[in-house]
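J.: If you want the building blocks of each chain, they are given just below.
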Amino acid sequence: MSNDQALINYTLRLADNALILSQRMIELVAAAPELEEELANANFALDFIGQARLFYSYAGELEGKGRGEDDFAFMRDENEFCNLLLLEQPNGHFGDALVRQFLFEAFYGHLLDALTHCSDKGLAEIAARAIKEVKYHCRHSSQWLVRLGDGTELSHECVQVSLDDVWRYTGEMFVADEIDTAIQENIDGPDLGAIRALWKRDVEKTVAEATLRLPVDEWMASGGKQGQHSEHLGFMLAEMQYLQRSFPGETW
Amino acid sequence: MSKQEWPLYEVFIRSKSGLSHRHAGSIHATDDQMALDNARDTYTRRCEGVSLWVVRSDRIIASDPAETAAFFEPAEDKIYRHPTFYEIPDGVENL
Amino acid sequence: MYTQGLDQGDKETQASAGTPEQLAAFQERIDAEEKIEAKDWMPEAYRRTLIRQISQHAHSEVIGMQPEGNWLTRAPSLKRKAILLAKVQDEGGHGLYLYSAAETLGISRDQMVADLLSGKAKYSSIFNYPTVNWADIGAIGWLVDGAAIMNQIPLCRCSYGPYARAMVRVCKEESFHQRQGYELLLTLCRGSAEQKAMAQDALNRWWWPSLMMFGPNDSESKHSAQSMAWKIKRFSNDELRQKFVDVTVQQAEFLGISVPDPDLKLDKKTGHYTFGEIDWQEFIDVIAGNGPCNKQRLEKRQKAHSDGEWVREAAQAYASKQAARAAA
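Protein chains in written order, with numbering that gives the first Met the number 0: chain A, 0 to 251; chain B, 0 to 94; chain C, 0 to 327.
Chain A extracted, bound-state conformation:
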């Protein structure tokens, strides 16, 4: 793979992560436990849609074939999406969605931080913008994890199960493949090993504060980054893409 192609693919991964997570979050609209949290969820989803649009547009620019944000979002098939498996997992209850959010954003914040220092100006600029949003998300989701973990007996149990269930999807974030390595080498991009250490430190701290137990690393699922997805993604895309696919080429 050429260096240019690696950068395009890497940018699409970032875009797909943001889009797929936002799509899951907007499924939660009008279902929050309290009105204030409803607004917070929408704010975060809006941040992610905004990030996805920036990353897709940049990928299109790099590619130079005239593809724009909507071509990437609506006209690619499942195996062309390269988001993390974690993000396509169904919402479940408030605790499930929260833990997914927490584990991803603890990683994503450090990833963006590293990208702000990379030598590719385009990516660094988007990362600098996104990291402000993500820092706030991390604050919000960590606080909620602590409230649920150290709340009632019921909430403690619920959120411990959420953590245990979703843990298997965290490994994929840190396994560097050909593209990750190329990005690290070519543009002084993120070192996933170093990010894993930072992530672990942050997650351990919040999990302890939440009086929860950190799951043990056992078998880890992978493949999302390479386009091999769980059964869930196909349904998400079928729903998301249906108008564009039914009436291709129209303006909306």
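Just so you know, these hints were derived from the structure itself, not from any lab.
Anything over 12 Å on all C-beta distances counts as not near chain B; from chain A, calculated:
id, residue
1, Asp3
2, Gln88
3, His116
4, Phe173
5, Gly192
6, Val202
7, Met219
8, Gln240
Output of the computed footprint for chain A on chain C, the stretches with three or more beta carbons under 8 Å from beta carbons of chain A:
id, region
9, 60-67
10, 83-89
11, 92-104
12, 191-202
13, 306-314
Using N, Cα and C, we set each Cβ at its ideal position, and we do this for glycine too.
Position chains B and C against the provided structure of chain A, taking the given hints into account.
T.: This is chains B and C only, laid out in the frame that chain A set:
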């Protein structure tokens, strides 16, 4: 477990540096940190502020409307506190 | 409007506390365009009317998130998805501002929510209609928000301070809602034949329910006179409905789609449009709970509320523990 309502907080926003915080409305939250987050997510979606204050509504000490006359009307008689009370002849400047 | 259920009659507000002197002094303040504030003396009927109106308005905003939220996952472009989400979020925010305004009158949000969930409280009939095609999102912005704005702008001058202030914020934020809806429809109307057909279909289904949003005819509206005297309401249902028709017909013509009313015509003498009779039986049915989506909308709220219970309790339990730790 009690089914009490989440406490009410009043929200004050400083729209930009140099201005005072101004009452924007209220939100519910169970703790102070959540109150700040909720105020942020509710009242600053359109860049309305650079600083936020939140305070539990039940901690605010307010004057009683029944005492409005006793509290505020005496000041109405003291028109000599206002600069327009004084007549200064034309020609006197910088006063 | 968002509070049209008010016009359906209310036996409770007949009771009015206060001496004739108090009532006269209160009316004098209102007539002098003074704002009434939360802790000021007010007739019990004024307080109750406001609680009902503001809470219905809040419920309408919150339930109103659903028909549009229905298309969030299917919005056909990322730009439209972001716009729609921002709009749906604003509606939640407006519900929140309005619940807060009602709370200043001495009712808790929990009580208001309980009244909504039990079916005791009403919300605008319009949100009990389904959104079945993408153009419906445009029609809601253009027609439903357009109709709402007609009513909401005068509410910014309502006699009750906290309500008026909440409405100022709401109106400021809503200014983009109607325009985005119209622009969405304009894009469809300039697009393919199928897209234009979607827009026509949406207008066909949303036109009459939008006219119903203004509530019953003035001759049938039981509480308008008192609300007008109290300056909670500034214009009558029929005045606002006429104003809405007059501005909207021309906008439909520009889109190139037709208003589904064979009796609609411009009266050259008055400069106003005359229009056909509203199906009032449908209006009564929908208000009474028998619209296409009443059950579904309410069940979704009930489910969100009960699903969230353990979360709300956890947050409270955590706060109590923290308080106990701080005290220890």
